[in-house]
Amino acid sequence: MSDVIYLATILLLFAIAIAYLHFCARLRKEDK
Amino acid sequence: MTFNGILQIGVFLVLVLATTKPMGIYLKSVYEDEGGSLQPALRPLERLIYKLIRVDRTAEMNWKQYGSAMLLFSLVSTLGLYALQRLQGFLPLNPQAFGGPSEGSSFNTAIAFVTNTNWQGYGGESTMSYLTQMAGLTVQNFASAAVGMALAVVFTRGIARFETDRLGNFWADLTRGTLYVLLPLSFLAAIFFVSQGVVQNFKPYDSAALTDTFIVQVDKKDADGNVLTDEAGENVKEGRTIDSQTIAQGPVASQLAIKMLGTNGGGFFNANSAHPFENPTPLSNLVQILLIFLIPAGFTYMLGRMVGSQGHGWAVFGAMSLLFLAGVFVTYSAEAAGNPIFPATVDQAVVGGNMEGKETRFGVANSALFATITTAASCGAVNSMHDSFTPIGGMVPLVNILLGEVIFGGVGAGMYGILVFVILTVFLAGLMVGRTPEYLGKKIEAYDVQMAMLYALIFPLVILTLAAISATAPDVGLTSLNNQGAHGLTEILYAFTSGSGNNGSAFAGLNANTPWYNTTLGVAMLIGRFLMIVPMLAIAGNLARKKRVPPTLGTFPVNTPLFATLLVSVVLIVGALTFFPALSLSPILEHYQMYAGQVF
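Residue numbers (our numbering), protein chains in the order written: chain A, 16 to 47; chain B, 14 to 613.
Hints listed in this document are in silico derivations from the structure and should not be mistaken for laboratory results.
From a predicted model like this one, the values you see are computed outputs, not experimental measurements.
All residues carry an ideal CB built from backbone N, CA and C; glycine is no exception.
Where hints are given, some of them may not hold.
Residues from chain B that keep clear of chain A, each with C-beta distances beyond 12 Å, as calculated [claimed, not checked]:
1) Ala110
2) Phe175
3) Leu590
Derived lysine-lysine pairs resembling BS3-like cross-links, with alpha carbons at most 27 Å apart [to be verified]:
4) B/Lys77 <-> B/Lys64
5) B/Lys560 <-> B/Lys456
6) B/Lys77 <-> A/Lys44
7) B/Lys456 <-> B/Lys77
8) B/Lys233 <-> B/Lys250
9) B/Lys77 <-> B/Lys560
10) B/Lys456 <-> A/Lys44
11) B/Lys234 <-> B/Lys250
12) B/Lys560 <-> A/Lys44
Chain B extracted, bound-state conformation:
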């Protein structure tokens, strides 16, 4: 590790800290309808939207009504996005004349974008029309992020309110989050990204002549386009000279802004934020990673304000920061140490460590930082290939997702995720001293813990079951692998972890655009999103009904470093107990095999 690298990580943390309070204050003013700074200008538009969709913003819902509205909205969004993809060949804004993606790919992508996962089994620039990218994928980037934010606010209201079953109006929360938070910030970010060189146009793709042509071997075809085979049944090959390169274009900046701010992560281009048109400069890289943490960090301050205990908000922020710092320094040190397979005569320190799969304009430190942030926060954008990280360096992004993406987490999803862990922490603290656990003036009862456990258990159930089936299914699961052994298992485990955790980043090395992976990952994404939201909403509804219990000497304070430390311990212990066996067979085993000279 270098001083320069550590300094860049430090600067990033300071910037996150500086934005947390103002963002938190703004979020509270938006969701509590307190007249945020943009309300005078946008209020007429907000009222018009309510009028058009016939919603009374003051009519609050109970948790079941709120959850049903959210599920209905998501169902319609999924069906609409599926149809848009399948029909894109007949629709405008398609200068490359792309046909519709396959049924399986459309199913997978529709679910991926509605669940804020943005898993991409396709290459954006070679599959999706501009209309699909803008009216389908980008719209869902906004909508799915706004849904997550609304749910975090509902959980916070559940903690803050007493003796009521009303938690807010889903349609009003959805509208406010989009109109006052996501749209204005995305607009500003998109303008900034254009200034850095991110493209924003509707032009057909350009073509550039290569100065250094080369020949590739491809399957030889007859006049009808059928692949020719020899007597042994092998495909006949022929050389093809590559003398030009396609330069993809498109409305990239507008999608990029919300991709980062909404922790969506789905790239306009297949190479995502490693592509020079999607992340051209170190400054654009810094702003991208700041946008990922901007709203999730702000939610911790909003939590403190809404529940009347700013110290609790900072304790949650501190726990998240501790987990984040541990992750980033493990990744950075593993990558900076380089690859031991190289002969001693190769000085990897000259380039900063293991540079395979990384962009030279970002280097090892910024690649490690980006990888840790994007997986801590359920974003899934990448500026380097996680598959090319060292086993321990690649394990941290995997572990970040396996811990439930509560280290700041996705917009909203991280907040309600960590609050479920807070419930478990308070419950365990109560068990330790033999008292009924209390949390901010509320008794935590059996139903709250039942729902918290449903939330915590569905996640490993989906990941481990589907990964185990895929790892033992030679015809459908293993044929997609580029690497065998422990590394191949990591690729499968990462895919289902990323899907179920609604992260969406790909470890790479796994061809997931197959009927098996498209379907199973689609199911995993839906379960990982909605079957975790339902018990979370049930806890919120139950908390809001409770009577206020005055604090006593036996009440465990939730605004202290001790609480933050206990919260970190619970997150780590739950994650470690659940996933350590799987991790020991994949990246941990691969680490020891690498030092024994074996690679995959």
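Here chain A stands alone, though its shape is the one from the complex:
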């Protein structure tokens, strides 16, 4: 069970990083 939790945590953290990348890209568009 703990394996599932830790694997899900890894996936969640990388999903946050991808979302952050799109957030930063969007900031530039709004800046323009």
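Given the coordinates of chain A, assemble chain B onto it according to the supplied hints.
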């Protein structure tokens, strides 16, 4: 401090200086596909790799595509390393029959090695099979270093290019860095380390009979292995005679080479480069510290060549060297002064100063030098225990990481880190004279500074938040401490600083192999790596799009000693303003308490 010690530090700096230019030229030839000296021999292999992974090396990416590819590669690497650890009990090359580490430890270690942190909450020789060490940890030593190098090259391309959104191909940069830089240099270094006595084999561990046996008190257990307790609920103890010592073996030299060259730092053995099989001689020690700075220093020269301003590359090199020299001499002088708690009748000068936690074959000077280099450069390998340094001597490694590890820094990470500070420096210089800041023919605009601030702020946010929670959580944070008071706070602060900064060195004195520390440090390492890379890539992408602006009389030159001095000031001021309150409660307070006779 002794003349001999200062001379050794001087020799090291001269050697770094001598390797910077050739390394920089070679790095540029590799990443700009200019036919480096190894290209004729390795080109067929490089083409085969592209064919196997179906990559067109000429198809360049924009910053979002580059970042997405890097994140995808790192995600797959993390999941793979987690699985390899958990399954190692069923896999070959495991002569000691180790089972898989716990879920928390595997999570922490997988993230640590993929993020180039190499934080180790476990003892390598008592936890990991040879397969995990070689196919998991060592492979990630190469991969994470190559990722960092690729990112530094992308930032440099962002500065060097105009009116384009193309920054290179992630898979091609990853392959080139590994194939042409890391693998050949690691091969040569591994051979050298074997010549010095570093072990490289697949043998089961040896056992040696002790000539001087001793007795230790251990918990008494019943026939089923349960610990016995007395009427008061205390564990019953019994004496156990220790008459033999396990001599760990393994493929150490091959991991050691990339551990230093890739500024990874994760030791094959728990004692890392203090272990006689991992760092046997003063000469192996010198080569290890040279390998740490080899690529980061070379990147400064590559920067100058790629952006067409060699003076700028040397100005960045000079700023880094200045910060490095300040750090090494503060550490060395603090350690050479010894511990004031000793009675005056004890002459510490005979051994060179504070020798607690240091190896006699390295002495105070080489221990102080190693500690400063490994934390300046995001390596994290240690040849002495930082926990045993004097408060000020131990504060310098901590401060080096807190400044963002931009003093040469990790392979690639140091380069893009200092370039973000360069952006801030140019911006501040522009504010001083009331002009739009310009950097090498580009106007620095609001978006660049926004991203630079996101880069600079996420780091202290993670460190200070998690350290504060741990320092006020008696059940999970404080139970891992060996020392209380200011020293204990330093241990917690150092752990989260090392994790978030992707350094990986342990201050020691903190048992981090607990569910709380394994999980929070794992999260800190991921945030400290990828949430800092994303805004850095955004700056690179934005810089590459800009039109060239011709320099005017009002343009702040970035190839002068004045610029280097301003860059040093910005690095110090940002770091000091952010972390001085935390430092004043930990090593600075401990320093005054030590001179008042209080120890922890």
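Do the hints match the structure? See the list:
1. Ala110: holds, 21 Å
2. Phe175: Correct as stated: the minimum Cβ-Cβ distance to chain A is 18 Å, above 12 Å.
3. Leu590: holds, 24 Å
4. B/Lys77 <-> B/Lys64: Since the Cα atoms of B/Lys77 and B/Lys64 sit roughly 24 Å apart, the hinted pair holds (cutoff 27 Å).
5. B/Lys560 <-> B/Lys456: holds, 8 Å
6. B/Lys77 <-> A/Lys44: Given that 27 Å is the threshold and the Cα spacing comes to 13 Å, the pair holds.
7. B/Lys456 <-> B/Lys77: This hinted pair holds, its Cα atoms lying about 22 Å apart.
8. B/Lys233 <-> B/Lys250: holds, 5 Å
9. B/Lys77 <-> B/Lys560: Judged against 27 Å, a Cα distance of about 20 Å means the pair holds.
10. B/Lys456 <-> A/Lys44: Status holds; Cα separation ~18 Å.
11. B/Lys234 <-> B/Lys250: holds, 9 Å
12. B/Lys560 <-> A/Lys44: Distance of about 18 Å is within 27 Å: holds.
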